[in-house]
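Undergrad: Model the full structure from these sequences, guided by the hints.
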Amino acid sequence: SQQGEEDPQALSIQEGENATMNCSYKTSINNLQWYRQNSGRGLVHLILIRSNEREKHSGRLRVTLDTSKKSSSLLITASRAADTASYFCATVALNNAGNMLTFGGGTRLMVKP
Amino acid sequence: SQTIHQWPATLVQPVGSPLSLECTVEGTSNPNLYWYRQAAGRGLQLLFYSVGIGQISSEVPQNLSASRPQDRQFILSSKKLLLSDSGFYLCAWSKGPLLGYEQYFGPGTRLTVT
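Heads up: the sequence lines are chains U and H, in that order.
Under this note's numbering, the first residue of the first sequence is numbered 48, with each subsequent residue one higher.
Under this note's numbering, the first residue of the second sequence is numbered 1291, with each subsequent residue one higher.
Don't take each hint at face value.
Stated by the list, open to error - The calculated DSS-like cross-link candidates involving lysine-lysine, where the alpha carbons are at most 30 angstroms apart (straight line), are:
no., chain 1, residue 1, chain 2, residue 2
1, U, K73, U, K103
2, U, K116, U, K103
3, U, K73, U, K116
4, H, K1385, U, K103
5, H, K1385, U, K117
6, U, K117, U, K73
7, U, K73, H, K1385
8, U, K117, U, K103
9, U, K103, U, K159
Said to hold, decoys possible - Label-pair restraints from in silico Cβ distances:
no., chain 1, residue 1, chain 2, residue 2, range
10, H, S1291, U, R88, 17 to 23 angstroms
11, U, K159, H, G1306, 42 to 48 angstroms
12, H, P1304, U, R97, 43 to 49 angstroms
13, U, G106, H, A1329, 43 to 49 angstroms
14, H, S1357, U, V91, 41 to 47 angstroms
15, U, E62, H, K1370, 47 to 53 angstroms
16, H, G1317, U, R97, 22 to 28 angstroms
17, H, S1367, U, R127, 39 to 45 angstroms
18, H, S1347, U, S75, 18 to 24 angstroms
19, H, P1397, U, L108, 21 to 27 angstroms
20, U, T74, H, T1293, 29 to 35 angstroms
21, H, S1367, U, L141, 17 to 23 angstroms
Please keep in mind that the hints were generated in silico from the structure rather than gathered at the bench.
None of these values were measured; they are calculated from a predicted model.
Note that beta-carbon positions come from the ideal geometry of N, C-alpha and C, so glycine has one too.
TA: Written out as structure tokens, the structure reads:
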């Protein structure tokens, strides 16, 4: 079952603009991760934020986590055409025997040059 | 460095035929291994995971099975494919057994059942 749900499902912006994607989940988590997928390819890990962290940065990426609201957001600043991809959040639940990820449905981002 | 391989990249199989997809990991030992399926335009659904040789856990009832004959080899199989088995199959690995590690994905196999 999908625990994370991304919002919006699709997002189209101009190059240089910021892109914000949101993720909501249902159960208590150990950590939340964001992944990127180019069309027809495997997923690439972007960033991991632990349940005791509130914000994390990596280059042009900024991730926030609000465990009281069971939500996270991914901000991509100064977007580029090469950022066009699908972005997925995935959660690792507490008491997870196999470090399993539960994925949301993803946000399809299109950055127009 | 670690790498993960999947083959074949694409596969077209008739209904009722068998299936074998292979995934191998290099450059690490005793990884956790995972098989996911992705329907078009959707998120990933975890099918199987393994924390060690011969240890397979299934997440959803289905027409598929998985095996881990060697530490870094993970195989997805079916005796008789159904149309609903079509999809994009992704293998992944992570450091085990603790939580808090990211997963690394292979390039995927596009399966079309006709």
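Undergrad: Compare the structure with each hint and give your call.
TA: Results of checking the hints against the structure:
1. A hinted pair counts as satisfied when its Cα atoms are at most 30 angstroms apart, and U/K73 with U/K103 qualifies at roughly 21 angstroms.
2. Taking the CA atoms of U/K116 and U/K103, the gap is about 17 angstroms. The hint holds against a cut of 30 angstroms.
3. For the hint pairing U/K73 with U/K116, the CA-to-CA distance comes to about 9 angstroms; that is within 30 angstroms, so the pair holds.
4. Distance check on the hinted pair: H/K1385 and U/K103 sit about 22 angstroms apart at the alpha-carbon level, within 30 angstroms; holds.
5. Among the hinted pairs, H/K1385 with U/K117 is consistent with the structure: their alpha-carbon atoms are about 26 angstroms apart, no more than 30 angstroms.
6. Taken as a hint, the U/K117 and U/K73 pair is honoured in the structure, with Cα atoms around 7 angstroms apart against an allowance of 30 angstroms.
7. Note on U/K73 and H/K1385: the hinted pairing holds, with a Cα-Cα distance of about 25 angstroms set against a maximum of 30 angstroms.
8. Between the alpha carbons of U/K117 and U/K103 the distance comes to roughly 16 angstroms, so the proposed pair stays at or under 30 angstroms and holds.
9. This hinted pair checks out: U/K103 and U/K159 have alpha carbons roughly 27 angstroms apart, not beyond 30 angstroms.
10. At roughly 19 angstroms, the beta carbons of H/S1291 and U/R88 sit within the given window of 17 to 23 angstroms.
11. Between U/K159 and H/G1306 the CB atoms are about 45 angstroms apart, so this pair conforms to the stated range of 42 to 48 angstroms.
12. At roughly 47 angstroms, the beta-carbon separation of H/P1304 and U/R97 lies within the given 43 to 49 angstroms, and the hint holds.
13. For the pair U/G106 and H/A1329, the supplied restraint of 43 to 49 angstroms is violated, since their beta-carbon distance comes to about 31 angstroms.
14. Taken as a hint, the range 41 to 47 angstroms is violated for the pair H/S1357 and U/V91, whose Cβ atoms sit roughly 27 angstroms apart.
15. At roughly 49 angstroms, the beta carbons of U/E62 and H/K1370 sit within the given window of 47 to 53 angstroms.
16. Between H/G1317 and U/R97, the C-beta spacing of about 26 angstroms keeps the proposed range 22 to 28 angstroms intact.
17. The hinted range of 39 to 45 angstroms is satisfied by H/S1367 and U/R127, whose Cβ atoms lie roughly 41 angstroms apart.
18. Under the hint 18 to 24 angstroms, the C-beta atoms of H/S1347 and U/S75, about 21 angstroms apart, fit the expected range.
19. Between H/P1397 and U/L108 the beta carbon distance is about 23 angstroms. The supplied range of 21 to 27 angstroms therefore holds.
20. In this structure the supplied range 29 to 35 angstroms holds for U/T74 paired with H/T1293, their Cβ-Cβ distance being about 33 angstroms.
21. Roughly 32 angstroms separates the CB atoms of H/S1367 and U/L141, a value that falls outside the hinted 17 to 23 angstroms.
Violated hints, listed in ascending order, are 13, 14, 21; each of the other numbered hints is respected by the structure.
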